[in-house]
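**Student:** So you can see what is in the structure, the chains are spelled out below.
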Amino acid sequence: MKQLAVALACALTVLACGSPSPAPEAGPGGAATARGGTVVIGLLSDVQSWNPYLAEDSATANLLALVYPSLAVEQADYHLHPPSFEPALARSWVWSDDGLVLELELDPRARWSDGVPITSRDVVFTWQAQVSPEVGWLFAAAKDGIDGVEAVDEHTVRVRFNRVDPYQLMDLNDGLIIPAHAWAGIPFDSWREVAWRERVVAGGPFSLAGHTPQQEIVLERNPGYFRPGLPRLDRAVFRIVPSDRGLVTQLLAGELDFVRSVPPADVDRVRADDDLELVVYDDRSYTHICWNTARPRLADPRVRRALTMAIDRETLVDVVYAGFVRMAVGPVLSSFWAFNQDLEPLPFDPEAARALLADAGWRDRDGDGIVERDGVPLALELLAPAENELRQDIALLVQEDLRRVGVEARPRFLEWGTLLAALDGGDFDGMVNLWEEPTRIDLAEVWHSPPADGASLNFGRYSNPEVDRLLAEVAELAEFPDRKPLLDRIQALIVADQPYTFLVENVRLTAHSARLRGAEINAATPYFNMDEWAVAPAGAE
Amino acid sequence: MTRLIARRLLLLVPMVWLVATVTFVVVAAAPGSYADTVEHPGLTTEQRQAIRERYGLDEPVHRQYLRWLGAVATGDLGVSFVAKEPVARVLARALPPTLLLGGAALALDLLLGLAVAVAAARRPRGCFDRLSTVLALGLSGLPSFWLAGLAVLVFALLLGWFPASHMHSVGAEQLSAPARLADLVHHLVLPAACLGLVAAAGTARYLRSTLMDVRAERFILAARARGLGEGRVLWVHTLRPALLPVVTLLGLSLPVLVSGSVVIEAIFSWPGMGLVLLQAAQARDVPVIMAATMVGAVAVLLGSLVADVLYAVVDPRAREEVR
Chain X
1 MKQLAVALAC ALTVLACGSP SPAPEAGPGG AATARGGTVV IGLLSDVQSW NPYLAEDSAT
61 ANLLALVYPS LAVEQADYHL HPPSFEPALA RSWVWSDDGL VLELELDPRA RWSDGVPITS
121 RDVVFTWQAQ VSPEVGWLFA AAKDGIDGVE AVDEHTVRVR FNRVDPYQLM DLNDGLIIPA
181 HAWAGIPFDS WREVAWRERV VAGGPFSLAG HTPQQEIVLE RNPGYFRPGL PRLDRAVFRI
241 VPSDRGLVTQ LLAGELDFVR SVPPADVDRV RADDDLELVV YDDRSYTHIC WNTARPRLAD
301 PRVRRALTMA IDRETLVDVV YAGFVRMAVG PVLSSFWAFN QDLEPLPFDP EAARALLADA
361 GWRDRDGDGI VERDGVPLAL ELLAPAENEL RQDIALLVQE DLRRVGVEAR PRFLEWGTLL
421 AALDGGDFDG MVNLWEEPTR IDLAEVWHSP PADGASLNFG RYSNPEVDRL LAEVAELAEF
481 PDRKPLLDRI QALIVADQPY TFLVENVRLT AHSARLRGAE INAATPYFNM DEWAVAPAGA
541 E
Chain C
1001 MTRLIARRLL LLVPMVWLVA TVTFVVVAAA PGSYADTVEH PGLTTEQRQA IRERYGLDEP
1061 VHRQYLRWLG AVATGDLGVS FVAKEPVARV LARALPPTLL LGGAALALDL LLGLAVAVAA
1121 ARRPRGCFDR LSTVLALGLS GLPSFWLAGL AVLVFALLLG WFPASHMHSV GAEQLSAPAR
1181 LADLVHHLVL PAACLGLVAA AGTARYLRST LMDVRAERFI LAARARGLGE GRVLWVHTLR
1241 PALLPVVTLL GLSLPVLVSG SVVIEAIFSW PGMGLVLLQA AQARDVPVIM AATMVGAVAV
1301 LLGSLVADVL YAVVDPRARE EVR
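First to last, the sequence lines map onto chains X and C.
Position 101, counted from 1, in the first sequence is what my numbering calls 101; the numbers after and before it change by one each time, with no gaps.
Position 276, counted from 1, in the second sequence is what my numbering calls 1276; the numbers after and before it change by one each time, with no gaps.
Hints are not guaranteed to be accurate.
Where chain C lies over chain X, by a calculated footprint (3+ residues, C-beta under 8 Å) [stated by the list, open to error]: (1) 44-53; (2) 56-66; (3) 201-214; (4) 241-250.
Please keep in mind that the hints were generated in silico from the structure rather than gathered at the bench.
Ideal Cβ positions, reconstructed from N, Cα and C, are used throughout, including at glycine.
Could you put the whole structure together from the sequences, leaning on the hints where they help?
**Tutor:** Have a look at this one:
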């Protein structure tokens, strides 16, 4: 518990320091003002493509955000209110009275790395690529609410929306701006055949200086970057190391300056190294057990509540996560503005769990230690991915806890593809899983009754007509404050139904070398303010 | 001889086809696909389905197989799902690092194996012989991932003598050519040693026993009787016949030389064929898995052919049999 308190204190400190500082130049030790230097960052996988609209993974998107500009930057203030946006390539914007037209003014200082100015033509071209079926951008649905993007003049862009929605700006900002002057000549339908590495023209803080596949990516300062005096670093080198263990080893060997995720098991080694700093902060994810509510044994909410109350989640936090996480409550993370503050985790109470099971008709009539109903024992299979030791440990602990209330849970570890097939087919009882929650709060994806073909992320086939009705109502509301009471109500219903056993809200452990200065490390993106990162000059320690 | 080579080369095609087909079936039989391995927290079920459609993963397996076979027959290995570039380019890039690592390891294997075997065979059951036997047995019993982990811990983390991974240091591209070469060799030492030492242990054991066999032959006795020095007996009369089996070893090393060591390349982030295959397998990148497997199959078949031919060249007795 003490460890949890420490971890939470760390997390809160980071959150407190995480608000954008008005004068980042005044960093610790004054060294942040220093320009120059190289930072070496560990990366698990190589970029898939240097064209942001062809890659499918998030690691590529995060890295390309350093090379291609965004209109605005989403801030990490989602714990206070819906995320706000700071100007980036768009230095200001104005909404029309009806909320359907947005005019953005682009920063006239912005240049591509080849010296060509970044203009509204690039923004229009980007939108055309985003919605082009030939390009087939996976996230094109984000642009469904946009009817058109037009260039008013060289530095003014007008965007017409077809609906008013609290996430309009987020949707518009989704995707990076690409160079029209360099890429517009390539027909969209041949984009998949192009070697994009040779065609990178940067407009973000860094440009591409070199890429050795499966080895390293070298970025260097883009002199045309629109924020004057930035970036501070000369170079950012990304070294590809294909395993978490390898990343930590290289960090300890002094070959890396920054590793975004350190496994809890390696924390002590990182802490023992004076040249390294560990940052602990809320990650936007929670680990849970998804129960298959379509199974008759699990259809009764009383049974699911009993299962949750039988699991000692505090011990789990200490044993599995070394105290680095906190107990989860419901479908919205407690660090989010939309969290229903009135809710609390169900208590750990094996007695009450047994009573609930008995209420639902599950009693141990034959004295074998397992409860049964109509002669059928309450035996469940608990799936976990074979690739994830943490979740396997959870499954084993849960097995012990459930046995104490007369429920037989058999852990079964499956390879990820097999596991997904079981989930999609509804062929499982329970599964230890993790959801990463985007800052765009869309509970329908997971909690709305599944469509007839079953294709949704609602693997447990949870269905509550009241939740469905409220979800539909939320989608109609254009203002966040109007949405909040409905979101609160939905959370309360889901927590009462316990279609999941909400286990823990995760934290992320990022390690970096002590010479790195000015880095604002948060859950928004891995390289949040990298244009402001600096390294202390040699001998400054 | 020519007929032997021609026959074996002709056999290569159906063999490689068989290996590739079995691989395809195994990969297809495993549940899930590339679409399920893409790491992106925001992907919805529809988006994963869109990925499946983009790469034809929603089609029946037999159609996927025929499409792949048709393309390969025309020399098109396809495009990597992950790297979004032609598979041929991915493999062409991975081959040189693997050849370099494999070549260095093979050289270490042969030289060290030979040196230890000769030294041990000079005084059988002597101090060095016993010590080297124990060491060699121990080394060849070690799993390579364990040995590599230990090497990284001791020589990279504790002593800091060698880098823990990669082929070059950060900023190596700005070095002069000789300095860059030195940097490469510096990075090569640990992985090549891990691969080569284990192999050398086996080679030393093997060579020592053939050396001992040859020493017991009558022509050695005859050589000694002629008054030849111990050195000449060893280096000329004993070693040459004892080296014959090494030719077979060489041929059998070709697959490792070309396909790379998955374990060592993964631990040292060495961008060779082994790492490419491992990552393709993890990501279910079917075109890369297929091509890398085929390259491996060709290497195995060619390796055994090369061994047979070389054997025939150096050993007149084998030449008779081949005919």
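**Student:** Each hint should be assessed against the structure and marked as holding or not.
**Tutor:** For each hint, the structure was consulted:
no.	hint	result
1	44-53	holds (count 4)
2	56-66	holds (count 5)
3	201-214	holds (count 4)
4	241-250	holds (count 6)
The structure meets every hint from the earlier list without exception.
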